[in-house]
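From first to last, the protein sequence lines stand for chains A and B. Going by this note's numbering, the final residue of the first sequence carries number 156, and the count climbs one at a time with no gaps. Going by this note's numbering, the final residue of the second sequence carries number 239, and the count climbs one at a time with no gaps.
Be careful, since some hints might not be right.
[Unchecked claim] PhoX-like mimics (lysine-lysine), calculated; alpha carbons at most 25 Å apart, straight line:
hint	chain 1	residue 1	chain 2	residue 2
1	B	Lys31	B	Lys10
2	A	Lys13	B	Lys147
3	A	Lys108	B	Lys157
4	B	Lys10	A	Lys31
5	A	Lys40	B	Lys147
6	A	Lys31	B	Lys147
7	B	Lys167	A	Lys31
8	B	Lys157	B	Lys147
9	A	Lys40	B	Lys10
10	A	Lys89	B	Lys157
If you are wondering where the hints come from, they were derived from the structure by calculation, not from laboratory data.
So you can see what is in the structure, the chains are spelled out below.
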Amino acid sequence: MEQTKLDEIISANGNNRKSIIPVLQEIQATYNYLPKEELQYISEKMDIPLIELFSIASFYSSFSLTPRGKHLVQVCLGTACHVRGAHRVLDESKKRLQIEPDETTDDQQFTLKTVNCLGACALGPIVVIDNDYHGNTRAQKVNAILAQYKSVNNNGNDTTE
Amino acid sequence: MIKLSINGIEVEVEQGTTLLEAAKFLGINIPTLCYNDGLSPYGACRLCVVEIRDGTASKMVSSCTYPATEGLKVFTHTESVLKARKMVIELHLATCPGSKIIQDLASKHGVRQVRFKQEYEDCINCGLCVRICEEQMMAKAIGFVGRGDKRHITTPFDIKSDVCRLCGGCMYICPACQLRCHGPNVQEEGAICNACLNLEPPCVDYFDDQMCYMDPCVVCEQAADRIPKSER
Chain A
-4 MEQTKLDEII SANGNNRKSI IPVLQEIQAT YNYLPKEELQ YISEKMDIPL IELFSIASFY
56 SSFSLTPRGK HLVQVCLGTA CHVRGAHRVL DESKKRLQIE PDETTDDQQF TLKTVNCLGA
116 CALGPIVVID NDYHGNTRAQ KVNAILAQYK SVNNNGNDTT E
Chain B
8 MIKLSINGIE VEVEQGTTLL EAAKFLGINI PTLCYNDGLS PYGACRLCVV EIRDGTASKM
68 VSSCTYPATE GLKVFTHTES VLKARKMVIE LHLATCPGSK IIQDLASKHG VRQVRFKQEY
128 EDCINCGLCV RICEEQMMAK AIGFVGRGDK RHITTPFDIK SDVCRLCGGC MYICPACQLR
188 CHGPNVQEEG AICNACLNLE PPCVDYFDDQ MCYMDPCVVC EQAADRIPKS ER
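Chain A on its own, in the form it takes in the complex (with noise of 0.2 Å):
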């Protein structure tokens, strides 16, 4: 990101303590990973020092310091979404995309993680892609769920190239 865009960040979340974690979700939000660069040039900027930073990025799951595909596929492993076999749909998933939690796919369209609970228990097990739940999953769903957001990028690809 060039500097004038971080320093608009800055300056609409206010250049203090309190606007940490703000700055850091727009960040995120921009690139989908908190990159190196962009932290250091924070912590400069709003002089606060780099490990704080770090702590609090490392600290959030939702900041990630790895780059992460263009599709976030959460599996809930959590005790309702447990019982009903979720461990079986992180299998399929893993399966399906070839990767381990918390990694990206080789054309960084997904990254797989697990959560602990989504809150969405009676619908277990659940698997959230972006921000659409997917409740009352299988693991011979899965396929079929994951191909709905690889036809849209394959068309999205398509525009773009």
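Since chain A is already given, all that's left is putting chain B on it; use the hints.
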């Protein structure tokens, strides 16, 4: 001024004094690990637990962080406090048996067994190095990263920090990584040394149960190597 009683002794302290400081003022010794006079209290190691009583209710608090309040009744060496302290030392020992400071605490407080899964960490997350870097060296080069069982101390992005001046303050103050226990029993199963405990004290200062706490003495460690295990 605030009036409170520690082990039945009335004491008057200023507003904002911690229980640890008040006890120290009375000459009552409370063991600490993550506390340092020049740094802000942190309450990480839980070694300084004391019991505070209000009528029949009692609870355990870390004395280094608990502020003195009017009429508080504090007990620093009750049976449950000593038991809790022993447990804390046992847990530290299960995490980081290589630390001489923790091994000495174990010997001093009569910890003779470790009932937890033995790990061999080099860090107990006491935060002393983070605090000395921030408060005394004004650098803020290191800090806690991650959370839960993955929480650890490092520099940003795990590379050499631009603000680190290599002062060595973090290593100087570390109770775990700097002064290592080289006693003969550390590598064995259970990883509790207690070797200094079984030796004739070569130091001037010793306790009734023949334990040396010269700081750091280490003579016993060298002697321990020359004594056959059967005679210890």
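Has the given pair, A/Lys40 with B/Lys147, been kept, meaning a C-alpha gap of at most 25 Å?
Status holds; Cα separation ~16 Å.
For A/Lys13 and B/Lys147, compute the direct alpha-carbon distance and say whether it is at most 25 Å.
holds (19 Å)
When you check the alpha-carbon spacing of B/Lys167 and A/Lys31, does it fall within 25 Å?
Holds: B/Lys167 and A/Lys31 sit about 14 Å apart, inside 25 Å.
Has the given pair, A/Lys40 with B/Lys10, been kept, meaning a C-alpha gap of at most 25 Å?
violated (47 Å)
Can you confirm whether the C-alpha distance between A/Lys108 and B/Lys157 stays at or below 25 Å?
Given that 25 Å is the threshold and the Cα spacing comes to 17 Å, the pair holds.
Is B/Lys10 within 25 Å of A/Lys31, Cα to Cα?
violated (52 Å)
Given hint B/Lys10 paired with B/Lys31 - CA-CA distance at most 25 Å:
holds (15 Å)
Hinted pair A/Lys31 and B/Lys147, Cα distance within 25 Å
OK: A/Lys31 and B/Lys147 at ~18 Å, within 25 Å.
Verify the proposed pairing of A/Lys89 with B/Lys157, using a straight-line Cα cut of 25 Å.
holds (23 Å)
Would you check the hint for B/Lys157 and B/Lys147, treating anything up to 25 Å between C-alpha atoms as holding?
holds (21 Å)
Hint compliance for this structure: hints 4 and 9 are broken, all remaining hints hold.
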